[in-house]
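One line per chain: the protein sequences are A and B, in this order. First residue of the first sequence? That's 1 in our numbering, and the numbers climb one at a time after it. First residue of the second sequence? That's 489 in our numbering, and the numbers climb one at a time after it.
Wrong hints could be hidden among the right ones.
Calculated cross-link-like contacts (lysine-lysine; reagent style DSSO-like; alpha-carbon spacing at most 30 Å) [as the list claims (entries may be wrong)]: (1) B:K642 x B:K708; (2) A:K44 x B:K642; (3) A:K60 x B:K642; (4) A:K364 x B:K708; (5) A:K159 x A:K364; (6) A:K44 x A:K60.
The hints are simulated quantities; they were obtained by calculation from the structure and are not laboratory data. These numbers were taken from a predicted model, which means no experiment stands behind them.
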Amino acid sequence: MTALYLTLLFPLVGVFVLAVVGNRPWAGTLNVLFTVAAFVAALKLSLNVFSYGTLISPGKLFYVDAFNVYLILLNALIGMTTAIFSRSYMAHEVEIGRVDGPRMRLYHAMYQGFLLTMLVALSTNNLGILWVAVEAATLATVLLVSLYRTPESIEAGWKYFILCGVGIAQALFGTVLIYFAAEHVMPGSEEALLWSVLRTHASQMEPQVMTLAFVFLLIGYGTKVGLVPLHNWLPDAHSEGPTPMSAILSGLLLNIALYAIVRFKMLVDPALGNHLAGHMMMGFGLLSFTVAGLLLHRQRDVKRLFSYSSIEHMGLMTFAFGIGGPLATFGALLHMIVHSLTKSAIFVTVGHVTHVSGTQAIDKIRGLIHTQPVVGWCFLICTVAIAGFPPFGIFTSEFLLFNATMKSFPWLVIPLLLGFGVAFAGLFRHMQRMVYGAPPPGQVAVTANMWPVIFHLFLVLWLGIAIPGVLVDWLNQATIMVVGMGVL
Amino acid sequence: MPLATMPLAEQFILTLAALILFSSFLLLAQSRIVSLINIFALQGGLLCLTTVLMAATFDHPHLYISAFITLALKVFFIPWQLRRMVVRFDIRRQVENVVGGPLLVMLAAGALTLFSYYVVLPIRELSLFSTRNTIAVSLAVILIGMLMIITRRKAVAQVIGFMSVENGLFFAAVVSTYGMPMVVELGVAFDVLVAAILFGIFFLHIRAGIGSLDVDYLNKLTEVDSAYDAEVEE
């Protein structure tokens with residue numbers, strides 16, 4: 001348990017320390033140190049869970065099992081690599097005068113605050129606290145989206161605030177309904193919102209209330225996942241803020257919201273005894289997947305392009321969790337990891353790309369591979385990986401999902417294949433010109449630290465070629481937890 | 489069960505539920521900003537009263553704390569902050585036209601209320617007789633708050649809509665489950681407080697960025713062909 005408390009403590013201390021000293025030249029390094037400390041603690045935590053099984057804190061406030069511990073570790077890892085990138089990126093932004101001292105303090109404090117709220121959301125056992133933490137994650141990032149104070153970024157921030165705020169309010173209504181249903185199973189209990197307790201009583205809960213609750217929860221957390229048609233805020237928020245924020249918003253926050261939906265599905269399924277929750281998720285997922293794939297073709301801003309790609313992948317995962325068999329669930333869990341790693345690597349690369357070309361407009365980014373080969377190549381390889389080419393990990397997980405679909409719903413393979421094709425074309429029609437093509441005159445290379453990107457790509461490649469036995473075992477345990485049986 | 493044969497406390501709670509729903513309709517129809525803020529404070533007051541009544545009748549002392557938080561946040565702090573903003577930006581006299589016309593919006597709100605009852609109807613009677621009514625009312629308040637956000641163009645009115653959605657949620661928690669566990673309630677109150685402060689900061693930014701609090705001017709980002717060049721100054 002100590003490891004978990006430490007994982008949460010480091011970002012908590014980080015918020016306060018960086019709120020005071022966040023504008024100093026060494027604040028970026030301090031930010032990295034806090035995330036490294038949190039990552040080490042998370043690593044220790046996952047080893048504990050791996051050797052001793054599920055952990056529940058004494059007050060039953062925190063609950064860590066195979067399903068959330070790997071997300072905690074992923075969170076800490078990407079938080080760390082993005083912080084390394086953020087150090088040089090934000091220093092550059094200060095240099096060119098886009099942000100000043102007080103905003104750097106805000107930025108650094110909220111970076112840590114955002115990581116903290118996500119870790120709390122993942123590790124809490126109380127469904128009410130889960131809601132509070134997800135809402136707090138919105139509040140922590142809303143001022144970062146509008147950090148540059150341009151009219152566009154203010155618009156994006158306002159949209160993000162209102163849409164996510166209202167969306168997430170639906171989830172609270174759903175949570176109240178779950179509590180209402182639970183109160184009748186265990187009257188007067190103080191523990192009626194604890195996930196571990198609800199899980200054991202799930203089958204006795206009133207099905208009608210649970211159905212209604214799940215609809216609200218799916219809409220509420222689904223807004224945060226970016227499911228179509230609730231996705232409008234997402235491309236704006238992900239494209240207008242500073243790039244390190246885009247990396248962790250796209251790479252991590254979306255996962256947390258999906259995690260919440262899956263947790264609730266695990267309660268609703270036994271109560272209903274049918275596949276209603278899964279079908280709803282499949283519908284929303286497939287719609288998001290298709291629509292986002294089509295919208296990729298009409299983007300002119302490179303960060304918006306990859307935001308739509310995030311919607312597409314989140315749609316795919318929602319669809320896979322909706323199918324619900326062990327193979328689909330295993331694939332979706334794996335997809336969560338590889339998508340997060342690849343997407344954060346992409347945003348880090350895009351950060352360097354925008355510094356090289358001085359713009360986010362796709363039409364003006366040209367000839368990266370000539371100006372700065374390392375950035376150009378990383379950009380190309382990242383895109384190849386996110387489009388689902390072998391030998392990268394996304395290919396593996398998509399292949400598993402594809403097989404699972406073939407087995408359970410063969411006719412849905414057609415829209416799925418079409419979607420893959422459309423999305424692939426959407427990415428590459430833009431990519432080709434940005435990476436190759438003649439560089440505009442005067443474009444020069446910038447100092448870029450590509451190690452975080454190369455590290456992420458290496459992990460994704462590793463997961464594509466041979467998933468380590470430890471991880472397979474782990475994901476298998478998580479699959480058993482979610483659907484009741486494993487793939488192995 | 490006819491109203492007259494119910495215990496007195498439940499009659500009171502039902503009446504308060506009706507009044508809260510009524511105040512939601514008032515919020516929707518009111519076009520003057522200062523009156524809007526006053527009605528919002530009134531709704532908060534009704535909510536606080538309901539909470540105290542629930543606490544006294546069903547002997548849940550922790551609800552007194554919730555009632556106090558509601559009083560402090562929704563009756564005093566948020567309306568005070570909004571009023572301060574309105575004075576500061578000198579928009580006291582502004583009258584706002586509701587998108588789609590008042591009649592249509594009122595009809596829509598009526599339809600939403602009916603829809604809420606329709607949704608809640610299948611829930612079998614579980615404990616309190618009035619649960620069904622109160623859940624339906626809270627759902628209606630939430631939906632009307634959302635309707636208010638989409639029919640208003642002024643940022644202040646949208647914030648009030650947002651907060652009235654929050655009121656609906658709180659009402660649902662208080663009357664159907666005697667409030668949430670204390671730790672959750674404190675967390676939610678903290679989020680609302682932070683949100684209220686952030687809204688204030690946002691007003692300043694919007695005002696500085698587009699010279700008005702009319703969110704219709706926030707229209708640069710679109711779904712396709714968002715032809716926006718990040719570093720325009722270059």
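Query raised in the report: Quick check: which numbered hints come out false for this structure?
Result: Numbers 2, 3 - these are the hints that the structure violates, sorted from lowest upward.
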